[in-house]
Amino acid sequence: MTAENVLRALDAVSAGRAEDAVLSVRDLSVRFRLRGGRTVEAVSDADFDLGAGECLALVGESGCGKSVLASALLGLLPGNAETSGTALLADPDGAAQTDLIAADEKTLARTVRGRRVGLVPQSPAAHLTPVRTVRSQLEETVRALTGTSRRARRKAAEDAAERAAFPAGHLDRYPHELSGGLAQRAATALALIGDARLLLADEPTTGLDRDLVDRTVDELRRHADDGRALLLITHDLAAAARIADRVAVMYAGRIVEIAPAHRFFGPAGPRHPYARGLLDALPDRAFTPIPGMPPELSALPEGCAFAPRCPLATELCSNRPEFTANLACHHPEHPRA
Amino acid sequence: MLELDTVTAGYDRRAPVFRGASLTVAPGESVGLLGPSGCGKSTLARVAALLHRPDAGRFVLDGTEVTAWRHRAPRELRTAVGVVFQQPRTAADPRLTLADLLVEPLRATGRRAEAAARLAELAPAVGLTPDLLGRRAHEVSDGQLQRACLGRALALRPRWLICDEMTAMLDASTTAALVAAVETYREETGAGLLAVGHDRVLLRRWCDRTVEWKDCLPAEEGP
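In the order they appear, the protein sequences are chains A and B.
Start counting the first sequence at 1; every next residue gets the next number (UniProt numbering).
Start counting the second sequence at 1; every next residue gets the next number (UniProt numbering).
With the rest of the complex left out, here is chain A (with noise of 0.2 Å):
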């Protein structure tokens, strides 16, 4: 076969991939712009694709560009944030697509917020009203996402407890008499109530203890398993082996690689080697920090923005290595026998 039939083979294949995604985000790029002139560089041509019943988790250092990357899928930036590039999400009747980087407010509001995207948040605590009870919360919504009669809204709001294994004896309670696993729950329940098949999950476990984080990542994945995609933002590599698919590693603001889980997790691991480094550093394993500390989003280095912490770093890695093959870097690891 020739190079260029090559080319031409591996084209077909994603292109037949971004034909079923739920998801197909192509060099998505977001920068803030600072006052004095200064650019922050958030997300740096972002390139997935996230298929129906896949969940995709996107790993990271916190400040490494996750959440902004979440954001913009929802259309969620301070007005300061300069986007480029295009995040299709497949219309449920498979006719046209939306390309979430482009829709106006009045789409994204009326059609892609609750709808088509359900957000499942860092801090349920926070993005719950706090002076109204749970039912009150998925009633409203009920009422809001699909305008299900006042009777029928009962009913819609207990089905979407139970979707999320929220115990409806709880159900007339408020934020404030939950515990935090519950409360999570409860975010779950309004996240999937206008049925998205999108599901993003940003840090949905932070600050849960491990039962609390095994329970509410089994759950998000039973939620995959039910045909929906889900996005998991999270820095829990434990979390992310438990249930992903697939692994993005992003390094300040960039993916660097994208492997499935079973390589990234298993004897193989990853080939970048800063995600060999995140794994090294886990207690079970070598317990050994990566030296030294990402660089500031608004002062990224002309060619790798790991060369300077990476003990593979040659004179190559002052070229910023292009994303291919899902994969970018100059000095890749060979699989690990």
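Simulated from the structure, these hints should not be mistaken for laboratory data.
Be a bit skeptical, because a hint or two may be false.
[Claimed, not checked] Facing chain A, a subset of chain B residues (Cβ under 8 Å, in silico):
| id | residue |
| --- | --- |
| 1 | 36 |
| 2 | 143 |
| 3 | 168 |
| 4 | 169 |
| 5 | 173 |
| 6 | 174 |
| 7 | 176 |
| 8 | 177 |
| 9 | 198 |
| 10 | 199 |
| 11 | 200 |
The beta-carbon is built from N, C-alpha and C at its ideal position, and this holds for glycine as well.
Here the structure of chain A is known, so what remains is to put chain B in place on it, guided by the hints.
Frame of chain A, contents of chain B only:
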């Protein structure tokens, strides 16, 4: 020796968070206290850090009983204990630069003259580069701010260190870096450590021994 002997503590005498808890940390020893959220382990950490007075039982620190203090425990005992909390955002004064934050305990105890020299030791010990030291809390990441909070806890060279979920908000690499900084300090000074948390894998790897909190009084709501 840091010794909690059948201690009862809480925020309401009629409904204490826990009753009769006992725990000992020997000099130079590291003990991990494991338990689910809401079981009272943070309250126990606050008692050990002399921030919360127990309602009953005895707390003995280096041979001195410190159970019956009124508003504040005696300074010479408080300064023997360094504390790192879970949430650096709420534990750090937003008006201070990281440099000021690191040496705040020296100012507060009238040892301002030593501040510059101690800062020069502390900043590299917790992995803070000079360009970060001039910034305030909102200009740094959670991990960088937690590094500063750890440095602040070490500023007075405490004999005891209490870390209450120090790394719960942090990624794997920053977690490993902060634990390494604590361990380096302990090797140099022989300080004892009480690390409270829910991450079994982490605390077992980090500490000489771990204690599992089983009979927690306030039960988690729901299933």
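So which of the earlier hints does this model not fit? Violated hints: none; all satisfied.
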